Amino acid sequence: ETGVTQTPRHLVMGMTNKKSLKCEQHLGHNAMYWYKQSAKKPLELMFVYSLEERVENNSVPSRFSPECPNSSHLFLHLHTLQPEDSALYLCASSQDRGGDYEQYFGPGTRLTVT
Amino acid sequence: GESVGLHLPTLSVQEGDNSIINCAYSNSASDYFIWYKQESGKGPQFIIDIRSNMDKRQGQRVTVLLNKTVKHLSLQIAATQPGDSAVYFCAENGAAGNKLTFGGGTRVLVKP
Numbered sequence: 001e002t003g004v005t006q007t008p009r010h011l012v013m014g015m016t017n018k019k020s021l022k023c024e025q026h027l028g029h030n031a032m033y034w035y036k037q038s039a040k041k042p043l044e045l046m047f048v049y050s051l052e053e054r055v056e057n058n059s060v061p062s063r064f065s066p067e068c069p070n071s072s073h074l075f076l077h078l079h080t081l082q083p084e085d086s087a088l089y090l091c092a093s094s095q096d097r098g099g100d101y102e103q104y105f106g107p108g109t110r111l112t113v114t
Numbered sequence: 001g002e003s004v005g006l007h008l009p010t011l012s013v014q015e016g017d018n019s020i021i022n023c024a025y026s027n028s029a030s031d032y033f034i035w036y037k038q039e040s041g042k043g044p045q046f047i048i049d050i051r052s053n054m055d056k057r058q059g060q061r062v063t064v065l066l067n068k069t070v071k072h073l074s075l076q077i078a079a080t081q082p083g084d085s086a087v088y089f090c091a092e093n094g095a096a097g098n099k100l101t102f103g104g105g106t107r108v109l110v111k112p
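Going down the list, the protein sequences come from chains C and G. Residue 1 is where the first sequence starts when you use my numbering, and the numbers rise one by one after that. Residue 1 is where the second sequence starts when you use my numbering, and the numbers rise one by one after that.
Isolated chain G, as found in the complex (with noise of 0.2 Å):
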């Protein structure tokens, strides 16, 4: 039989603009949200966290975004390179401590 693989939403980006990805998380009692990126033959790789008490937080080329009131993760990546192509996973700790429940991924594909 055909085998159906996880669909995931994917964003096309010219090298050089600014990327966004979003994710919707899901309990409203997280404190803890991670972004990850994961390129292909690799382990997820920790981008940037955020805790629940901002709702913004920069890093290099990187700014992600928390918004508590509709339970929103987004992360922007300034001028995009092609080295950023990759599935990116936002992930929350659902206030349980040490276990991380993961969205579904987007995959960025950057243009030359």
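Just chain C, same shape as in the assembly (with noise of 0.2 Å):
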């Protein structure tokens, strides 16, 4: 294991849903990401959050709200989501010491948008 964990580890949904991914990390860093990872496109960088602040947002669509309250958990919380949004949702963290960007990464929650 990773030190990283997700859950749910499967979630569908439908398209008028709310829901949360989850991720918490147990490896002590102070950094942490969401990517999606689809059948259509490679791996892609949604959000990152470093020392609890958002430092980056890859023009994603506000449907998709993240949420860090401390360095150990991240969020991401659904709502009307599109059936193009059913993919693999990767959670990482790192720990950002001034050259080493090794990332850890969960196992994924598989999300299906009925």
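Source of the hints: derived by calculation from the structure; they are not laboratory data. It is possible that part of the hints are untrue.
Label-pair restraints from in silico Cβ distances [unchecked claim]:
# : chain 1 : residue 1 : chain 2 : residue 2 : range
1 : G       : 79        : C       : 65        : 23 to 29 Å
2 : C       : 70        : G       : 26        : 48 to 54 Å
3 : C       : 65        : G       : 112       : 43 to 49 Å
4 : C       : 40        : G       : 42        : 17 to 23 Å
5 : G       : 69        : C       : 15        : 46 to 52 Å
6 : C       : 18        : G       : 61        : 30 to 36 Å
7 : C       : 57        : G       : 42        : 35 to 41 Å
Here are some chain C residues pointing at chain G (derived, C-beta under 10 Å) [unchecked claim]:
#  : residue
8  : 2
9  : 4
10 : 8
11 : 33
12 : 41
13 : 48
14 : 52
15 : 107
Fair warning: this is a prediction, and the values are worked out from it, not measured in the lab. Note that CB positions come from ideal geometry on N, CA and C, so glycine has one too.
Make one complex out of these two single chains by using the hints.
The following block contains the structure:
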């Protein structure tokens, strides 16, 4: 195991539902990330949090809302999603220490939007 | 309508042979590169990394080669085993700190 856990592992939701994905890292890292992995595109960075502050938002639609209450937890709140949002959502963490960028990934949440 | 999946290049290799996976990166300012392995149903797992001040780095059964002149990265796996079957991704940092840009991936299939 990588020390990054994600729940739930699988999620099926309708387009009008509201749900949240949770990520927790047990590595003492100071940065966390959300990625989207779909069958049609390479791994896409969605959000970056460093020291609990959002430092990157890669033009992600507002129906995805991240939250980072502390350095160990990261959430992705979902509402009014579209079928094309179905994908594997991966969380990662890293310790930024001036040049060491290795990111540790969780197992992902497989999301299906119906 | 028909959905089209991302076409991954596939490398079929006989068990025991060596594998070479190639990656072309785009940003000449990148100074950090990393290889990940992703097995079915799992998240990407770190294999090996290399900084731009090196051209070769070795790990356990794996070697990464970096050619900055042509912006090319390769991963060599020695004595490939069935457990090496996975999708392999390269990533670069683009000299942008903690933001990695991932390649499309290569699927490795190990034949017994």
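Hints and how they fare:
For residue 79 (chain G) paired with residue 65 (chain C), a C-beta distance near 47 Å fails the hint of 23 to 29 Å. A hinted range of 48 to 54 Å is violated for the C-beta pair residue 70 (chain C) and residue 26 (chain G), which are about 35 Å apart. Remark: the range hint 43 to 49 Å for residue 65 (chain C) to residue 112 (chain G) is upheld by a beta-carbon distance near 47 Å. For residue 40 (chain C) paired with residue 42 (chain G), a C-beta distance near 20 Å keeps the hint of 17 to 23 Å intact.
Checked against the hint of 46 to 52 Å, the C-beta distance between residue 69 (chain G) and residue 15 (chain C) comes to roughly 49 Å, which is consistent with it. Checked against the hint of 30 to 36 Å, the pair residue 18 (chain C) and residue 61 (chain G) fails, with Cβ atoms roughly 46 Å apart. Distance hint check for residue 57 (chain C) and residue 42 (chain G): the Cβ-Cβ separation is about 27 Å, which falls outside the suggested range of 35 to 41 Å. This hint holds: residue 2 (chain C) has a C-beta 7 Å from the nearest C-beta of chain G, less than the 10 Å allowed.
With 10 Å as the threshold, the beta carbon of residue 4 (chain C) comes within range of chain G, its nearest partner Cβ sitting at about 8 Å, so the hint holds. Residue-level restraint check for residue 8 (chain C) is violated (minimum Cβ-Cβ distance to chain G is 14 Å; threshold 10 Å). Because the beta carbon of residue 33 (chain C) sits about 8 Å from the nearest beta carbon in chain G, less than 10 Å, this interface hint is met. Against a cut-off of 10 Å between C-beta atoms, the interface hint on residue 41 (chain C) holds, since the closest Cβ of chain G lies about 6 Å away.
For residue 48 (chain C), the interface hint holds, since its Cβ comes within 10 Å of a Cβ in chain G; the closest pair sits about 6 Å apart. Against a cut-off of 10 Å between C-beta atoms, the interface hint on residue 52 (chain C) is violated, since the closest Cβ of chain G lies about 14 Å away. Here the hint on residue 107 (chain C) is kept, as its CB sits about 5 Å from the closest CB of chain G, short of 10 Å.
Checked against the numbered hints above, the structure violates hints 1, 2, 6, 7, 10, 14; every other hint is satisfied.
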